[in-house]
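Once you have looked at the hints, place chain L with the ligands on chain R.
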Amino acid sequence: MLRFIIERLLTMIPILIVISIISFAIIQLPPGDYLTTYIIQLEASGDSVSQSEIEGLKQRYGLGQPMHVQYFKWISGVVVGDFGYSFEWNQPVNTLIWERLGLTLVVSISSLLLTWIVAFPIGVYSAVRQHSPGDYIATFVGFLGLSIPNFMLALILMYGGYRLFGMSIGGLFSPEFVDASWSWAKFVNMLSHLWIPMVVVGTAGTAGMIRIMRNNLLDELGKQYVVTARAKGLSTVKLIFKYPLRLALIPFVSTVGWLLPQLISGSAVVSVVLNLPTAGPLLLRALLGQDMYLAGSFTFLLATLTVIGTFISDLLLAAVDPRITYD
Amino acid sequence: MNKPVENNILEVRDLEVKFFSDEGTVNAANGVNFKVPAGKSIGIVGESGCGKTVTAYSVLQLLPSTGKITNGTIKYQANDGNVIDLTNLKSESRAMRRIRGGEISMIFQEPMTSFSPVHTICNQISEAIMLHQHLSKQKARLRAIEMLELVGIPNAKRRVDEYPFQFSGGMRQRAMIAMALACNPKILIADEPTTALDVTTQAQVLKLIQGIQDELNLSMILITHDLGVIAQMVDHVYIMYLGKVVESGSVYDIFDRAKHPYTRDLIQSIPKLHGARGERVTSIAGTVPSTYKLPKGCAFHARCSDMFGNICRTETPLPIEVGSDHYVSCFLHSREEGKNNARDAR
Ligand SMILES: Nc1ncnc2c1ncn2[C@@H]1O[C@H](COP(=O)(O)OP(=O)(O)OP(=O)(O)O)[C@@H](O)[C@H]1O
Ligand SMILES: [Mg+2]
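Protein chains in written order, with our numbering: chain R, 1 to 327; chain L, 1 to 346.
Next up, chain R with everything else stripped away, as it sits in the complex (with noise of 0.2 Å):
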């Protein structure tokens, strides 16, 4: 097991390293870089730049040398822990992205968290009482909340907050709190914001999770081994719980790396629409504007999660399921 563990981190650096090359590259894309366009917005707004400006900032950051030597340069940074600079903020990227990615996670995590509590038992019910009108009703919502765009959701919630309420519904914190530094008061704060969130991009993931469960479920349940726990004389309670779940959350399990990335990316477009200050928005911003390292760094972080939410249903799945073996 312990073998299994530390073989499985060692793929991952290879991988790391092909990912951030990647995101780098990709970034480099369009033409031009954070500099030229600086520079042409300067010009355009009547300041002028000093030669010896531009090339301080050009120097610093290796801009105009071949791409592979730029990448070096961030590369060995990150390493360290240093992710570079955000020319658009004029601030370092570590300042900037921490928090934002926390609350992401926050968001997304406490989603997910939603996204169970309510699709598991739902799920479970659709499946053991198949064709009743629970499972219709369940159906028919489900599939009415996977159809609902997530951005179109978060206007409803803001609009009807706002008409019901006369309370704006928008960002993760109250006005006080919003540049305020991190105290008990403003988690109960972002906890009472946190709902909204939550629902918007809980809601199409719990749909399709409500269909999965359904599915895995009733796909064991026809099993010859359920058949067997039944002729033991085992209650149908009981039953269930020990066999039919048991198996039916293995695919769930191995399905729990790629739903991070997957909220978290789903999330940006409800971010921007509820104002929240989470990655999307920031990411999207740099990403327009060509500030690199911010962009780099962010890719970089959210590969980063994706592999290690890998492993985490990597290892999950090795302990929920014995016919896995470590070699």
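These are calculated hints, taken from the structure and not from any lab test. All values reported here derive from a predicted model rather than from experimental measurement. Be a bit skeptical, because a hint or two may be false.
[What the hints assert, rightly or not] Rough simulated footprint, nothing fancy, chain R against chain L, three-plus residues with beta-carbon under 8 Å:
no.: 1; region: 102-109
no.: 2; region: 128-136
no.: 3; region: 244-258
[What the hints assert, rightly or not] Far from chain R, some chain L residues (derived; all Cβ distances over 12 Å):
no.: 4; residue: Pro37
no.: 5; residue: Lys40
no.: 6; residue: Ala56
no.: 7; residue: Pro64
no.: 8; residue: Asn123
no.: 9; residue: Arg141
no.: 10; residue: Lys157
no.: 11; residue: Glu162
no.: 12; residue: Pro164
no.: 13; residue: Ile189
no.: 14; residue: Gln210
no.: 15; residue: Leu216
no.: 16; residue: Phe308
no.: 17; residue: His326
[Unchecked claim] Derived pair list, reagent style DSS-like, types lysine-lysine, alpha-carbon separation capped at 27 Å:
no.: 18; chain 1: L; residue 1: Lys139; chain 2: L; residue 2: Lys157
no.: 19; chain 1: L; residue 1: Lys68; chain 2: L; residue 2: Lys296
no.: 20; chain 1: L; residue 1: Lys139; chain 2: R; residue 2: Lys242
no.: 21; chain 1: L; residue 1: Lys137; chain 2: R; residue 2: Lys238
no.: 22; chain 1: R; residue 1: Lys238; chain 2: L; residue 2: Lys293
no.: 23; chain 1: R; residue 1: Lys238; chain 2: L; residue 2: Lys139
no.: 24; chain 1: L; residue 1: Lys207; chain 2: L; residue 2: Lys18
no.: 25; chain 1: R; residue 1: Lys238; chain 2: L; residue 2: Lys35
no.: 26; chain 1: L; residue 1: Lys75; chain 2: L; residue 2: Lys157
no.: 27; chain 1: L; residue 1: Lys40; chain 2: L; residue 2: Lys75
no.: 28; chain 1: L; residue 1: Lys139; chain 2: L; residue 2: Lys75
no.: 29; chain 1: L; residue 1: Lys293; chain 2: L; residue 2: Lys68
no.: 30; chain 1: L; residue 1: Lys90; chain 2: R; residue 2: Lys242
no.: 31; chain 1: L; residue 1: Lys157; chain 2: L; residue 2: Lys137
no.: 32; chain 1: R; residue 1: Lys242; chain 2: L; residue 2: Lys157
no.: 33; chain 1: R; residue 1: Lys223; chain 2: L; residue 2: Lys18
no.: 34; chain 1: R; residue 1: Lys223; chain 2: L; residue 2: Lys90
no.: 35; chain 1: L; residue 1: Lys68; chain 2: R; residue 2: Lys223
no.: 36; chain 1: L; residue 1: Lys75; chain 2: L; residue 2: Lys90
no.: 37; chain 1: L; residue 1: Lys68; chain 2: L; residue 2: Lys18
no.: 38; chain 1: R; residue 1: Lys242; chain 2: R; residue 2: Lys223
no.: 39; chain 1: R; residue 1: Lys73; chain 2: R; residue 2: Lys58
no.: 40; chain 1: L; residue 1: Lys35; chain 2: L; residue 2: Lys18
Think of the CB as a built atom: it goes at the ideal place given N, C-alpha and C, for glycine as much as any other residue.
Just chain L with the ligands now, kept in the frame of chain R:
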């Protein structure tokens, strides 16, 4: 005859089972009759799809929700001596669950899929023991090991903690037998216990079942589509065709004095070990009719080589006693018309 259960531990009368679905109604059992004398073993034989598994599932109330027992009684002499009609018990009732696995247990057709793949053998065997005998986990585990030793699993102490996928097919079926017998049931239903195994393993497992049946004085229902398997294993044989028992009798009656054309065809189709080289195994002509729409008259008439007249097509033959405890449902042998008909037919 009026007393339903003489010394029969189980007596099934006129059992009818139907499956209801959008495509139509499947008539899986259409009046099955058989009885299991205490301590004896009976065999139920018939081609694939004739309703053997459905009959076995009915006894234990294991039918899926689409399947319903629409008629008949299943009288079971419980441990306390009372006779219960199992069809009156709700499938998930406490009383039914106590019988299931505790008093009547079952071995299934498919050893590969009959165990949960993610629970250890120990877990799955001791579960039944803890449930019915209220033993502690440790004691149940010891009992599981003891049972595995009984069915001839080498290294049982170690292997008990393995998963089903680490067992071969034959070993899984042995483990299945161990599981079925762990709670000292009175009746064992073995549904084609060896069909999925290779010939050598088949023989070993059958021998094991027979030995255990003798030793524990079990009553047993052995289900198979292979008449050859049954000769040395059981006392009394029931031949099923399309959800009905068409002939029943002692092993000698069936093998030496078979009366029903279907039974004779079945016997013909047993591959003979010492037969002349190159001798072809005869299989029965035609296929089993659809269970959606039962044929009128005798269910077998379309395939029957002895069919002799309109009556086979229009009327349903009733069981006739043609010898002591030897019954056949065929107009060839019906008392009044049968003899004449048979003569006419020649
Ligand atoms: N769940 C079900 N839904 C609908 N029809 C079913 C179901 N289970 C069995 N049947 C039908 O009932 C009939 C009897 O099936 P059964 O499984 O009892 O046959 P069998 O004699 O055990 O055959 P085999 O030797 O193949 O195991 C068949 O026509 C089958 O198609
Ligand atoms: Mg069967």
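Structure-based check of all given hints:
| no. | hint | result |
| --- | --- | --- |
| 1 | 102-109 | holds (count 4) |
| 2 | 128-136 | holds (count 3) |
| 3 | 244-258 | violated (count 0) |
| 4 | Pro37 | holds, 23 Å |
| 5 | Lys40 | holds, 22 Å |
| 6 | Ala56 | violated, 10 Å |
| 7 | Pro64 | violated, 8 Å |
| 8 | Asn123 | violated, 9 Å |
| 9 | Arg141 | holds, 16 Å |
| 10 | Lys157 | holds, 19 Å |
| 11 | Glu162 | violated, 9 Å |
| 12 | Pro164 | violated, 9 Å |
| 13 | Ile189 | violated, 9 Å |
| 14 | Gln210 | holds, 22 Å |
| 15 | Leu216 | holds, 18 Å |
| 16 | Phe308 | holds, 43 Å |
| 17 | His326 | holds, 32 Å |
| 18 | Lys139/L - Lys157/L | holds, 13 Å |
| 19 | Lys68/L - Lys296/L | holds, 22 Å |
| 20 | Lys139/L - Lys242/R | holds, 21 Å |
| 21 | Lys137/L - Lys238/R | holds, 17 Å |
| 22 | Lys238/R - Lys293/L | violated, 39 Å |
| 23 | Lys238/R - Lys139/L | holds, 21 Å |
| 24 | Lys207/L - Lys18/L | violated, 35 Å |
| 25 | Lys238/R - Lys35/L | violated, 33 Å |
| 26 | Lys75/L - Lys157/L | violated, 39 Å |
| 27 | Lys40/L - Lys75/L | holds, 16 Å |
| 28 | Lys139/L - Lys75/L | violated, 34 Å |
| 29 | Lys293/L - Lys68/L | holds, 17 Å |
| 30 | Lys90/L - Lys242/R | holds, 22 Å |
| 31 | Lys157/L - Lys137/L | holds, 15 Å |
| 32 | Lys242/R - Lys157/L | holds, 24 Å |
| 33 | Lys223/R - Lys18/L | holds, 21 Å |
| 34 | Lys223/R - Lys90/L | holds, 22 Å |
| 35 | Lys68/L - Lys223/R | holds, 19 Å |
| 36 | Lys75/L - Lys90/L | holds, 15 Å |
| 37 | Lys68/L - Lys18/L | holds, 5 Å |
| 38 | Lys242/R - Lys223/R | holds, 14 Å |
| 39 | Lys73/R - Lys58/R | holds, 13 Å |
| 40 | Lys35/L - Lys18/L | holds, 21 Å |
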